[in-house]
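**Q** Here is what each chain is made of, one letter per residue.
Number of protein chains: 2
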Amino acid sequence: MADTKWVYSFNSKNTEGNQSMKNLLGGKGANLAEMSSLGLAVPPGFTVTTEACIDYEKNGSKISEEIRSQVKKSIEETEKIFGKKFGDSKDPLLFSVRSGARVSMPGMMDTVLNLGMNDQTVLGVAELTGNPRFAWDSYRRFIQMYANVVMGFNTSLLEATLEDLKEARGVSEDTELSGSDLEELVRVYKKIILEETGKSFPQDPIDQMWESIAAVFGSWNNPRAHKYRELNDFSHDWGTAVNVQSMVFGNMGNDCATGVCFTRDPSTGERRFFGEYLVNAQGEDVVAGIRTPAPINECSKNDSNKNLKTLEEIMPEAFKELVEVYTKLEHHYRDMQDIEFTIENNKLFILQTRNGKRTAAAGLKIAVDFVEEGLLSKAEAVTRMKPEDLNQLLHPRLDPDAKKNLIAVGLPASPGAACGEVVFTSEKAHALHETGKKVLLVRQETSPEDIGGMVASQGILTARGGMTSHAAVVARGMGKPCVAGCTALLIDSKAETLTVNGKSYSEGDFLTIDGGTGEVIEGVVPTIAASISDDFATFMNWADEIRTLRIRTNADNPEDCETALNFGAEGIGLCRTEHMFFEAERILAVREMIFAKSREEREKALFKILPFQREDFLGIFKAMTGKPVNIRLLDPPLHEFLPHSEEDIKQLADSLGLEVRAIEDRKEQLEEFNPMLGHRGCRLGITYPEIYSMQVRAIMEAAIDASESGAKVSPEIMIPLVSLEGELSTLRDLTEKTIATVFEEKGKKIEFKIGTMIELPRAAITAAKIAEHADFFSFGTNDLTQTTYGLSRDDGGKFLPEYVGKLLQYDPFVSLDQEGVGFLVNHALVEGKKTNPEMHMGICGEHGGEPRSIEFCHKIGLDYVSCSPFRVPIARLAAAQAALKFAK
Amino acid sequence: MADTKWVYSFNSKNTEGNQSMKNLLGGKGANLAEMSSLGLAVPPGFTVTTEACIDYEKNGSKISEEIRSQVKKSIEETEKIFGKKFGDSKDPLLFSVRSGARVSMPGMMDTVLNLGMNDQTVLGVAELTGNPRFAWDSYRRFIQMYANVVMGFNTSLLEATLEDLKEARGVSEDTELSGSDLEELVRVYKKIILEETGKSFPQDPIDQMWESIAAVFGSWNNPRAHKYRELNDFSHDWGTAVNVQSMVFGNMGNDCATGVCFTRDPSTGERRFFGEYLVNAQGEDVVAGIRTPAPINECSKNDSNKNLKTLEEIMPEAFKELVEVYTKLEHHYRDMQDIEFTIENNKLFILQTRNGKRTAAAGLKIAVDFVEEGLLSKAEAVTRMKPEDLNQLLHPRLDPDAKKNLIAVGLPASPGAACGEVVFTSEKAHALHETGKKVLLVRQETSPEDIGGMVASQGILTARGGMTSHAAVVARGMGKPCVAGCTALLIDSKAETLTVNGKSYSEGDFLTIDGGTGEVIEGVVPTIAASISDDFATFMNWADEIRTLRIRTNADNPEDCETALNFGAEGIGLCRTEHMFFEAERILAVREMIFAKSREEREKALFKILPFQREDFLGIFKAMTGKPVNIRLLDPPLHEFLPHSEEDIKQLADSLGLEVRAIEDRKEQLEEFNPMLGHRGCRLGITYPEIYSMQVRAIMEAAIDASESGAKVSPEIMIPLVSLEGELSTLRDLTEKTIATVFEEKGKKIEFKIGTMIELPRAAITAAKIAEHADFFSFGTNDLTQTTYGLSRDDGGKFLPEYVGKLLQYDPFVSLDQEGVGFLVNHALVEGKKTNPEMHMGICGEHGGEPRSIEFCHKIGLDYVSCSPFRVPIARLAAAQAALKFAK
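Residue numbers (our numbering), protein chains in the order written: chain A, 17 to 904; chain B, 17 to 904.
In isolation and in its complexed conformation, chain A is listed as follows (with noise of 0.2 Å):
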C-alpha cells in the first residue's frame, strides 16, 4: 500500500483533484479541488481520501503512518503557499477540518474551525491582529467544537459555563463579552474539560490534526450515519474523506470583509450581480442579522441599505476581482451561483460556491436565459428545473415574508395556498361564496356530495384521508388547495367547531392553509399570485420536443378539459362518470334506480340519466376534438349515491312514494364492511348491466353527434376493476351489442376502444388473458396501491405518517411503489403485450402527475400518463427530464 495516494492537496501552486473525483474526495473534497484548480483564490489545504477512511476501519481505527507521513506532507506544502507556520507562536496557520463523502449524509461529524490554537498561538494570533478579543474567541470556539465533535464531549457544562458569566457581566450576548472575560473562558474551559474526561485538552497541533481526522472517519460508522445509509441504499464501503484547509478571516481588522453573493437574482432570475457584505466579519455574522450587511453594488441596494457604502466602492480592487470570478465561476458551472467570500488583509479568498437556490420563475428565466445566452442546450435546461416547483408557477402561494402562526400540519394534499373564513357544510360554503365572501371547506372528509361546496370554497382542510382521499383527488382536480388527513384537528361537525391544541374555532374565524406543505395557519396570511410568463410556454415547448411519453389528463367536464389544454393535455386518459351523478337534476334519477324493483324499473329510471350523461360527453367530445378521450364506466358502490342525513332521507322517501323504512332498509341492505372490496366496478356492470349498457349508449351517441357537428373524437370505454377474464369478456360483449344498435339507430359508425383498467393484483398477474378482450390498458394505481398493501387511503393516514420517512422512504399513494406496486404494472405491460403487441397502456392514477412515478413509466414503456389538469405541465417536464436520463 505504500504506493497508495492518501492526500490530495488543492492551493494555486498544486491542484490534485477536480470535479469527477467525488468518489475519492467525497463531494466537497472535489469541489475545493475544482475551484482551485479554475485558478481561483481558495484558502489552500487538503483531501484526506475516503480510501483512507476505509483503510482507517480495517486497520483497527488506527491512521497508518504512510497515510500521517502524506498528511504531514500536504501540511508543509499548505504552509509554504500560505506563508504561514501550523503551530507557529507568532503567525500560525490553522485549519478548518469538515468530513465530506461523496454525498451529504445526515450524522457525520461537524466541522472543526481554528485547529492549531493553543496556549502559545493565541497569543501569537493576539499579537499579530492587535485584537486579543479575537484570538481569545477564536480559541475559545475551538475547544468548545473540538471538545463536542472530537473529544465526544458534552457541551452542555461548558455551555452553561458561558451563560454563568455572561449573567455575572450582566450581558446578554458573548459579544458583548471582553477579550479578558473570553481568555477567563478558556482557562475554565480547559479545567472542566480535565476534571470530566481526566485528559488535559490537547495543546500540540499536530495531535490535534491526528484526533480531528480520526473522528471524521470514526463518524462514518455513528448509528444515525450507519441508518441513513441503510435507509437509503447507500454502501458502507464508500467512506468519508476529511478536508483540511487553511482558515482565512474577515474580521481581522478594516481591510477584511466578508460576504456572500449571488450572479443573478434569486428572486426574479433577472440578470445582475448582487449580493451583500460585512467589512471587518466573519460569516456568520452576514447571516445572524445583528449589523446589517452592505450592498456589494449598486444594484443590490434596497430600502434598508441604500445608505451603506458598497464593495465596489470601499475595495474596488477586490470587487472587480469578484466579477471576474462570478463570471468565470457561471461559464465553468453553467449555472447561477451563490458564492461565499471572504477578504483578509485586502486579498480575497473564494471559500464556496456552490448553485443558488432560487425561486421556481427565477430558475425558469434562468434556464431560459442560459439558452440563449449560449451556456446551456435546451436538454440542459430542462433536466435543470424540478418538476414540482412548477407549482410556485400554477397556483398562489403564502408570502415568505409573511409571520404564520402555525397551529397545525396535515398532508400536502394539492398545492397552492388559500385562505378563508371556515365553513363546516358543503352548503354553508356555498351560501357564503354567493354573498362574495372567501370560504375555507373543513370537514372530517368529503364525499362526493360535497363537490359544489368544494368549488365554492378557496381551498379545503380535511382531518382524515390520504393523499389519494376524495378530498385530495378532487382538489387537485380543480387545481384548490387541499390540506387533507390533519389528525390533530378535532371536527366536531354538528356543533360547527374546529378544535386544535384545546383552541377552537368556528364560522368567521380565517385560518390559511398551504396545500404544498401541509400547514395549517391562524388567521389571514399574505398570499402571491400564481404568474405564468412567456418564458414558461419557451421551456415547456423544449420538454414537449425531448419526452416520448404522452400526457393526459383526469377530466370530468369540458371546464376541466379546457384548463388541461392549455397547460398541454393531449387527451383524457380518465373521465369518472359517478361526479355527474351527483347533480341536482340527476341524483333523484340515480336513487330511483338503485331502488327499482326489477331490471325494467331500474331501465326506467336509467333513461332519464341518458340524456344528462349523453349532453356531458358531449360536451367534452366537443372540446378535446382530434384527441382521445377515454371515460370509466360506473365505478363506486351504489351505496354512495343514497342520502345521508335524517332529512335528505325523508325527502327521497317522499320523492319515491316510499316509507323511511323502506329507504333504510336499502341502505342497510347496501351497507359493506369494506366498501373499497366491495360491490363496485365491473361486478355492478356484472349484476346490472343495464347501467353500463345506459352509459355505453351515452357515451357512443354523444359521440356520433360531436363527430355530425364537426369534431374529430376518439372514445375509449373503459370497464373498472376487472379481477377475471371472464367479467372483461362479458362486459366487452354487452358493450359491442350495445353500440353496434346505437350504430344501427343512428346510421353511422366511428372507430372506438374497449379496455380495462389494471387495478387489482389479480388482472396484473392473469393479464396474458384479460388481455384477450382489451385494447388497451390503463392502470389504477391508487387501488393497485390499496390492494397491493392492503391499505386503505382513507385509513392509511392515521399510521401511515410515522412509516414514512423510516419504514418507507416515500408514501405509496403519492409516489409510485416501484418495488411491488411496479412489479405488477411491469408484469401486466409484458404479459398483456405478449398477448396483443398492438394495445396501448397508460396510468391514470394518481401517481400520473408525479416526477419519479412518470420516470418509472417512461422506463417500463408505458405509452402515456394521465394526471389532473394542474398537474399536466409537471409531468410533461418530468417525462422530458425521464427522456434525456435513459437516453443516456
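For the record, the hints were derived by calculation from the structure and aren't laboratory data.
Hints should not be assumed to be uniformly reliable.
Pairs count within a copy or across copies, as identical chains cannot be separated in the list.
Below, simulated EDC-like cross-link-like pairs (lysine to aspartate or glutamate); rule was C-alpha separation at most 20 Å, straight line [what the hints assert, rightly or not]:
no. : residue 1 : residue 2
1   : Lys89     : Glu578
2   : Lys510    : Asp681
3   : Lys363    : Glu329
4   : Lys444    : Glu663
Computed from a predicted model, the values in this text were never measured in an experiment.
Using the hints, position chain B against chain A.
**A** Same frame as chain A, but now just chain B:
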C-alpha cells in the same frame, strides 16, 4: 378416409373396443365394450365414434356414406347375434340410442328407446309377446322420446293429450290405460306431429336411425353443452360418440324380470350381495315405487319385502349367473358395483355396471376390505375416498329419508346438521343452553363477542358473510354446523325475528340447518350421529404413509389442540391470540389499554393481560408437546375490541372512570372506512410495540414454564400483515430483544423461530427481501385472496354467488385461486427460498383444509398446510392423494 373405422361393435362374438378407448368411444361406449369383452351378457350393439361426430360437423352436418355403410354392417352383425331383424314385422330388433362423450356432460341428447318401432313392428311385438298393451305403450313412448329429442318437438302438446285421455278414462296413472287407449294415443300423437311440423312421423327404421345419430351429433354443439365445455375448459374438438344397443325387455311375461343389485351394502359397506327385482317389469318400475320390489336373496330382505319371493328362489339359474357376474365384475373393476340387469325369457342380460354410490362409512369399509382381500393396494384404496366425504364420518348429518321443508339455502359454511330453537343473541343462546335447551344462533353476522354464544349453540345461521366470514371460520374451528350468507333471511335483531319468504320465525320456533349443503329447513329434522370406526384409523394411517405434506391445525386453546391431535394434527399452524382477548376478565384490561393516554399507561394495562395470555399459551404448549406451535401476534384493529351497545359503552365508561362521550370519541377516532385495509396486524406492532412485547413475553415465559414441566416446546412467533421489509426487521429486533430479556430473567434458553404471514400481495412480490428476516413464511390465503381480488369476504356474499359457476369455477375463498393468488404464493415461495433455502413454509388460510388447494400446496412444494381441527383428516387424505397424483 375410406380406411377410418367409424363404428365399433360390442357383442358376445366380436367386441372391438375396451375401457381404455374413452376418447374414441366415449365413456359409455368404452364401458359397454369392456363389459362385453368380459363375456357378460350385454345386449349387443355398436358405438359410432367421437371422430364420426367431428366428421359430421365438418361435413356440414351430414353423416358420410362411409359411416352409414359401417353402421349398416354393424346393424346386420347385431341382427345375426341377437337372432332378430331390425324393422322385421314379426320379431323386430329394437334399439336404444344414447350419446356418450369422454366425460358426462349436461346438455347432451337424452336417450331414445325402442327405436325401430313403427305401425308394422308394433303389431309384430304385440303378437309375439301376446301383450298388445306392452307393444303400444312401447311405441307410444318411442314416439314421445323421438319427437322430443330427435325432432326437437315441444312435447307439451303430447303430454296434454295423454292427460286428457286419462281424464276421459277417469284414471290417474298411465298404467291404468288399456292397450287400445294407447293405440288411440299413438294415432293422435302422429296426427299432432304431422299438423305441427308438417312432417309424418318416420316409419322407416333406418331413417329413424340416421335421424337419431344426427341428433346426438348435433347436440354436441347445442348452447348448453358449449357453455359447459367453456366453463370446464373442455375442448370443442372432442365430439361425442353414439351408442346403439339392442333392446331387451323384462316386461314381456313372467319369465322376465328386471332389477338392480349392489355387490356390497352401499350404506354400511358390509360384504353382502344385495338387491331388488320385479318380475315382468321394466327398469323404471323398480324405482317408481308402485310395486314393492322383491329381494334378490335372503340377505336383501327387510321389513317391507320379507314376505316376497327372492330371485334366487324363482329364477335360480339366472340368479346363479348373476352371482358369477358380480364376483367377476368386482374383481375386474376392483370396486363395489351397482349392476342393472334384465331377464328376458329367462335369459340374463347385464345392462349396466358402475362403481356404486355409497355412504362415506361404506366407502371407507369397502376400501379397507378390498385391501385386505388383496384386490387393491393401499395407495389405490387411498384414492378411492373423496376427502370431503370424510365429513360424513366426523359430523352428524340429516337423515336422508326424512322429509324436509326447505325454506332457504345459504352457503355451506361448516359441515354437519344441527337443529334447535332459534335465538338472536349470544346471551340468549347461553341462557337457554344452561337450561338444557338446544338452540340455533341466528345472526346478521357474528363478531368475536359471539364466541360464547356459538359454543352454546348447536349450529349457527347468518344472513351475511361468505365462506371465510367470522361465523364460518369459527364454526369450522369448533366443528359446529354453520350456514352463512343466507341472504334470503331478513333478520330484525331488535324485534328478534327472522323472516323468509314472508313467513316469520321467532324464539321458540325450531329450525334445522345442514352445513354441508347450506340448507335451512323448518322444524326438527332427525339427524344421524357421527361415528368413527377402526377402519378409519387403518385407512388414515395408509394416507399418512403416503403423504409428504405435513398437516397442522389452526387452534387457539388446549381443547381445540386435543381435538386436532386426535384427528392427527402434527402441530399448530396458526394460533390466533386475539380470541383470548375477549374473555370476560381480560376484555376490560384490553379496553383499558386502548384508552391509555401514554405508553406507560398502556404497559400497565398490558401487564394485567400478561398472566392470562401466559396461562393460555402454557396449556397449548403442554398439549402440543413435541410439536411446533405457531402463534400469531395481535392482528385485528383495536376497534374490534370496543363495545357496541349503549349499555356496554356506559358500563365501560363507568369501569374506566370516563365520560360516555370519551368512549364514543375514541370509538369514532378508531373507526375505519375499510377495516380490512386498516390499522391492524404488524402496523399495530409498529405503532404500539409494547403490545407485541407483552405477547412475546407471554409466549416465551409460557414456553419455558412448559418446558420445565417436561413438555418439548417449539414456539414459532408469527408477525402478521407485513408489507414492507422494514416492518419485519423492526419487529424481529423487538421480538428478539424481548426474548433475550425473558431468557435472562428465567436463566434458561429454548429454541424458537420468528417468521411472518404472507397475506398481502406486496409481501409475496418482495418475498426475497422479507425472507432475510424470516425463519418461516405462513401464507394467509384468506387475506391474500381478499387483496389479490380486491374483494372483501364479508361483502362478497352479495354478488359472489352469481359469479360462481359462471365467471368463476370455484369460490376463491373456498378453493384457492391457483392462477391469481396461487401465482403470488408460488412467487413468494421461490423468491423466499432463493434468499433462505432453509426456511419452512406453510399455508394457514381456510384453504389449508380444502382438497384442491391442498393438491396445489403439495405441487408447489410447501412443507405443510394448517386447517381447523375437524378438517385435519380431510387434509391428511387430500395430501396423500396429491402425493400419489404427482408421484405418477
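**Q** Decide, hint by hint, whether the structure agrees.
**A** Results of checking the hints against the structure:
Taking identical chains as interchangeable, the C-alpha atoms of Lys89 and Glu578 are never at most 20 Å apart, the minima being 69 Å within one chain and 80 Å between chains. Taking the closest pair of Cα atoms, Lys510 and Asp681 come within 20 Å of each other only across two copies (14 Å); inside a single copy the shortest separation is 25 Å, beyond that limit. Taking CA atoms no more than 20 Å apart as the test, Lys363 paired with Glu329 passes inside one copy only; the shortest distance there is 16 Å, against 134 Å between copies. In this homomeric assembly, Lys444 and Glu663 come within 20 Å of each other (Cα to Cα) only inside a single copy, at 16 Å, whereas the closest approach across copies is 36 Å.
Going through the hint list in order, the structure does not satisfy hint 1, though it satisfies all others.
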